[in-house]
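Undergrad: So the chains spell out like this:
Number of protein chains: 2
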Amino acid sequence: MTTISKDADRTTFINVFTVDPANQSRLVDLLINVSDTYVRQAPGFISASLHRSLDGTKVTMYSQWRSLADYEAMRRDPRPVPYLQEALTIAKFEPGIYEVVESFAPAAREEGTPPT
Amino acid sequence: MTTISKDADRTTFINVFTVDPANQSRLVDLLINVSDTYVRQAPGFISASLHRSLDGTKVTMYSQWRSLADYEAMRRDPRPVPYLQEALTIAKFEPGIYEVVESFAPAAREEGTPPT
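Respectively, the protein sequence lines represent chains A and B. In terms of numbering that gives the first Met the number 0, the first sequence has 32 at position 33, counting the first letter as 1, and numbering is strictly consecutive. In terms of numbering that gives the first Met the number 0, the second sequence has 83 at position 84, counting the first letter as 1, and numbering is strictly consecutive.
None of these hints come from the bench; they were simulated from the model. Warning: the hint list may mix true and false statements.
Claimed, not checked - With a cut-off of at most 35 Å between alpha-carbon atoms, the simulated DSBU-like pairs for lysine-lysine come out as follows:
1. B:Lys5 / A:Lys91
2. B:Lys5 / A:Lys5
3. B:Lys91 / A:Lys5
4. A:Lys91 / A:Lys5
5. B:Lys5 / B:Lys91
Please model the complete structure; the sequences and the hints are all you need to start from.
TA: Shown next, in the form of structure tokens:
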């Protein structure tokens, strides 16, 4: 489970892979494999959640790290590299490094009714 | 706060806006305003978190809805439209509709230590 909060001191990565729908399952399997085997073992790793687009054309990894330096250290590890190279033979990769600005909860819709 | 879990029955939207860094703050303000004023009042809205990329070129909204139909009903509401039209004068919009495939927690790094 991943928790998003603007008050947490962490660096967020939203990495979008664009893929032919015929290859979406293969890309998902590759990213599960590399995350389970290497990424989640790396120092400073906090959490990641993998997303599959309903139209088949995207796979997006939402991940949180203690710092950008921790993420970069993981990317210098040679062991996950073959997985990522294989991913890039079937997908285009658009990385993004973020901070959380704000979170929104549902508004109470009727006076006197507490938000659910 | 937003919680990501593969077991939750919901639809996830990861909408990436690409923007000139000079306009990133204005885009963030616009999206905060429309989310606070309209989006979080919509039926079926569960949660959203707004992200600002550290390089200034992206703003990404991660949002969760009870269903795609609830999201589409909100998008048919004419009241938020002017905010989104103004956003599109300064940003490129790349939407994505997802389900969560898997979440990853940090691995225990020492033998004999159970995963947390």
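Undergrad: All hints, please: hold or fail.
TA: Evaluated hints:
no.: 1; hint: B:Lys5 / A:Lys91; in the structure: 24 Å, holds
no.: 2; hint: B:Lys5 / A:Lys5; in the structure: 22 Å, holds
no.: 3; hint: B:Lys91 / A:Lys5; in the structure: 24 Å, holds
no.: 4; hint: A:Lys91 / A:Lys5; in the structure: 29 Å, holds
no.: 5; hint: B:Lys5 / B:Lys91; in the structure: 29 Å, holds
Consistency note: the structure conflicts with none of the earlier hints.
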